[in-house]
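Taking full-length UniProt numbering, the leading residue of the sequence shown gets 1, the next gets one more, and so forth.
Hints in this document: simulated from the structure, not taken from any laboratory. As the structure is a prediction and not an experimental result, all values here were calculated from the model. The C-beta atom is built at its ideal place from N, Cα and C for all residues, glycine as well. Just so you know, not all the hints are guaranteed correct.
Pair by pair, the computed Cβ-Cβ distance ranges are [what the hints assert, rightly or not]:
#1 Ala-154 / Leu-44: 47 to 57 Å
#2 Gln-324 / Tyr-402: 31 to 41 Å
#3 Val-371 / Gly-238: 34 to 44 Å
25 Å max Cα-Cα, derived SDA-like pairs, lysine to any residue [unchecked claim]:
#4 Lys-647 / Glu-662
#5 Lys-144 / Thr-66
#6 Lys-520 / Gly-584
#7 Lys-617 / His-678
#8 Lys-647 / Leu-510
#9 Lys-716 / Glu-662
#10 Lys-649 / Leu-632
#11 Lys-164 / Pro-189
#12 Lys-538 / Val-397
#13 Lys-520 / Ala-575
#14 Lys-265 / Trp-295
#15 Lys-617 / Phe-484
#16 Lys-144 / Ala-154
#17 Lys-84 / Gly-350
#18 Lys-520 / Phe-670
#19 Lys-538 / Asp-552
#20 Lys-647 / Thr-473
#21 Lys-223 / Gln-163
#22 Lys-164 / Ser-86
#23 Lys-265 / Pro-189
#24 Lys-538 / Trp-638
#25 Lys-617 / Ala-567
#26 Lys-144 / Gln-176
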Amino acid sequence: MRYANRLYWLAVGIPFALIVFFEIAAPHALAPLRDLVFDSYQRLSPRQWDADAPVRIIDIDDASLTRIGQWPWPRTRMAQLVDKLSAMGAAVVAFDIALAEGDRTSPDQILSLLPPSAARDAVARDIVDLPTNDAVFAAAIAGKPVVLGAIATASPLTITLPQKHGWVTAGDDPAQFVPRFASAVLPLPDFAAQASGIGMLNWLPDRDQTIRRVPVLLGVGGKLALGLAAEALRVAQGVDTVIVKSSNASGETAFGAATGVNAVKIGQFVIDTGSSGDVRVRFSAHEPRRFVPAWQILADEIKPDEIEGRIFFIGSSAAGLLDQRTTPIDATIPGVEVHAQLVEHIIAGGQLSRPDWALGAEAALAILSCVIFMVFLPRTPAIILGLLGAGVVAVLVGGSWYLFHQGGILVDPVVPSASGGVIYLAGLSCLYWQEQAQKRQVRSAFERFVAPAVVERLAGDPSRLVLGGENRTLTLMFCDLRSFTTLSEGMSAQELTRFMNDYLTPMTDLVLDHNGTVDKYMGDAIMAFWNAPLDDDKHAINAGRTALLMIDRLAELNQRWQAQASAQGRHFPIARFGIGLNTGECCVGNLGSTRRFDYSAIGDEVNVASRLEGATKYLGVDLLAAETTHDLAPDLPWIEVDLVRLKGKVQATRLFTLMGSEEEAARGDFAAYRLAHHEVLDAYRERRFEAVIDKANAARALAPLRLAGLYDVYSKRATALLLAPPPADWDGSTTMDDK
């Protein structure tokens with residue numbers, strides 16, 4: 001048992017230690033699992049697109065490329081877009097495009113591609129006063145609310161990041177928390193100088209290449225920079241100063257630890273961020289009405305009221321431009337839509353947040369669920385604990401969903417649930433293995449002693465078995481062949497082995513078939529008992545019926561053995577045995593040494609049963625049962641045999657034998673025989689010894705042949721007592737000095 005307990009605690013302790021490690025020491029290792037949970041929440045309850053949201057996308061789609069020409073378009077065309085949008089009152093025009101190189105379609109660039117010739121010189125004179133396409137674009141964005149994109153990079157470029165606004169930081173320096181880049185690919189200097197803002201186009205997808213978080217803040221060359229969406233929001237409001245609150249700022253509890261960025265304030269919007277200055281976006285599904293084809297703007301097919309006051313992001317959904325991204329809701333959306341959805345998300349409010357206490361709460365719940373399963377699994381039925389666990393999981397999932405749906409708070413229910421589930425499965429597997437091992441042990445221990453059906457009952461519920469030893473009321477049987485030496489005389493080893501197997505096999509089967517347990521074989525003797533290892537309310541009755549069937553079976557065996565001997569031309573004496581039955585309290589259990597033991601019974605009542613078997617040869621019967629056995633099976637056809645004081649006993653006990661089966665006892669002649677038999681006993685105990693002889697002869701005539709010897713014993717006793725009368729205090733008992 002101690003080994004089983006150690007094995008169980010080892011089976012659940014190892015995964016528990018791993019769970020504690022991952023929850024406390026390496027919580028981010030479980031982040032992919034948590035992300036899948038939160039993704040499923042977003043798919044089940046996505047943010048609904050608001051048609052009135054002041055955010056749209058100017059889409060350089062396939063239709064626009066077909067109408068206007070392949071990409072890249074001349075900067076003059078882009079300037080036209082800016083002019084038309086500005087003229088219609090766009091709040092911001094933000095480019096999800098890196099304008100870091102000169103326009104190759106500019107007249108001066110085309111001229112440089114022509115070979116020297118007079119015609120080339122003429123063209124050069126004609127375009128000398130024309131502005132370059134880049135100059136046209138720079139002029140177009142000057143003084144307008146235009147935000148250009150830049151790409152932060154790890155390459156060690158020498159740049160100066162234009163500062164379009166001021167910074168105010170509260171608390172720890174945010175630069176230590178945000179994603180840091182050595183440099184950036186910036187728009188052309190003229191563009192950067194004229195733009196109202198410059199925002200970073202970077203986003204940092206997770207390992208599965210899904211965009212869940214978009215950076216609001218980044219570090220570029222040691223300075224802070226805003227992402228494109230945040231910069232567009234700033235320019236739209238005309239904000240000159242961005243405020244960043246980090247750990248240990250006023251009102252931000254961190255207990256002195258530098259835990260990260262808490263929020264970014266841009267004008268009227270306070271953006272709650274993750275510790276790295278990013279925002280987990282609550283996405284809506286891809287919505288085509290969010291997009292305005294670029295060709296419609298250039299063709300003046302859009303009404304001004306659809307433009308006025310809105311933030312516009314210019315980007316492309318064209319498949320050939322390969323700007324496609326994956327979000328928790330959509331497998332592919334244009335990359336520009338991510339920026340637009342972030343602004344929608346910020347303006348709509350209801351941001352997703354992952355509180356600082358979430359990891360601690362999840363770890364506590366995981367450990368608590370593990371401990372509950374570890375402690376109660378060995379003590380509680382698995383089905384009940386499983387139902388309880390399912391209820392706990394339902395509460396965790398329901399609570400997590402409620403927090404997400406109502407407050408946008410992200411608390412993972414899966415890791416705590418899965419942690420408990422791992423412990424449940426590990427513990428259940430161990431207990432199942434132990435149960436199967438216990439069943440195998442029970443089968444191995446008892447398949448030689450009890451019937452297969454009893455073995456399966458024991459294996460099905462080993463708790464009913466006390467192998468360590470217990471006191472139980474048993475009915476015990478000793479059965480021993482008479483004159484075994486005479487029977488075996490002249491047999492070879494093979495013949496003797498075959499004879500013993502022919503004898504012991506059917507006798508054993510009878511014991512097992514009637515719920516008995518074979519304790520041991522002692523040469524030709526069998527020791528068996530009833531009412532262990534399983535309870536048997538009819539143990540005395542079953543033992544008595546088994547004894548009668550064994551007597552009948554021996555008669556059949558004698559006929560077969562004699563027929564075999566006659567066929568071989570040899571004599572075979574009739575085999576007889578004695579059976580002793582006794583009922584009383586014994587110690588039963590696994591007895592033996594540490595290296596070998598058997599399930600056996602010991603105690604004084606065992607000795608009594610053995611002595612009753614030995615007494616059968618002195619009383620002329622093949623079966624003797626103690627009064628205790630008789631009293632527990634009163635419906636069997638008993639007759640009292642004698643009042644005997646066994647060796648080592650002070651008190652005399654009444655002994656009984658069975659006349660025959662219950663069917664035989666129902667016949668009318670049994671009553672006559674029993675009356676005649678009791679007249680013998682009465683005469684004997686009343687000292688009427690002459691009458692004993694006469695009544696014994698009368699009873700012998702009515703008795704079954706196997707009981708005839710009993711009356712010979714009484715006749716001999718009466719004759720002896722006539723010659724030597726017993727003392728005056730004689731109580732009719734006989735003392736057995738032999739075992």
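Each hint tested on the structure:
1. Ala-154 / Leu-44: 47 to 57 Å: The hint (47 to 57 Å, Cβ to Cβ) is violated, given that Ala-154 and Leu-44 are roughly 38 Å apart.
2. Gln-324 / Tyr-402: 31 to 41 Å: holds, 34 Å
3. Val-371 / Gly-238: 34 to 44 Å: Distance hint for Val-371, Gly-238 is violated at roughly 56 Å.
4. Lys-647 / Glu-662: violated, 32 Å
5. Lys-144 / Thr-66: violated, 29 Å
6. Lys-520 / Gly-584: holds, 19 Å
7. Lys-617 / His-678: holds, 21 Å
8. Lys-647 / Leu-510: violated, 30 Å
9. Lys-716 / Glu-662: Cα-Cα ~31 Å, so violated.
10. Lys-649 / Leu-632: holds, 22 Å
11. Lys-164 / Pro-189: holds, 14 Å
12. Lys-538 / Val-397: violated, 55 Å
13. Lys-520 / Ala-575: Since the Cα atoms of Lys-520 and Ala-575 sit roughly 21 Å apart, the hinted pair holds (cutoff 25 Å).
14. Lys-265 / Trp-295: It is violated: about 36 Å lies between the C-alpha atoms, which goes past 25 Å.
15. Lys-617 / Phe-484: holds, 14 Å
16. Lys-144 / Ala-154: Violated, at roughly 31 Å.
17. Lys-84 / Gly-350: Violated: Lys-84 and Gly-350 sit about 34 Å apart, past 25 Å.
18. Lys-520 / Phe-670: violated, 36 Å
19. Lys-538 / Asp-552: holds, 21 Å
20. Lys-647 / Thr-473: Distance ~22 Å between Lys-647 and Thr-473 Cα, so the pair holds.
21. Lys-223 / Gln-163: holds, 10 Å
22. Lys-164 / Ser-86: holds, 20 Å
23. Lys-265 / Pro-189: Violated, at roughly 28 Å.
24. Lys-538 / Trp-638: Holds: Lys-538 and Trp-638 sit about 16 Å apart, inside 25 Å.
25. Lys-617 / Ala-567: Violated, at about 31 Å.
26. Lys-144 / Gln-176: violated, 34 Å
The structure does not agree with the numbered hints 1, 3, 4, 5, 8, 9, 12, 14, 16, 17, 18, 23, 25, 26 stated previously, though it agrees with the rest.
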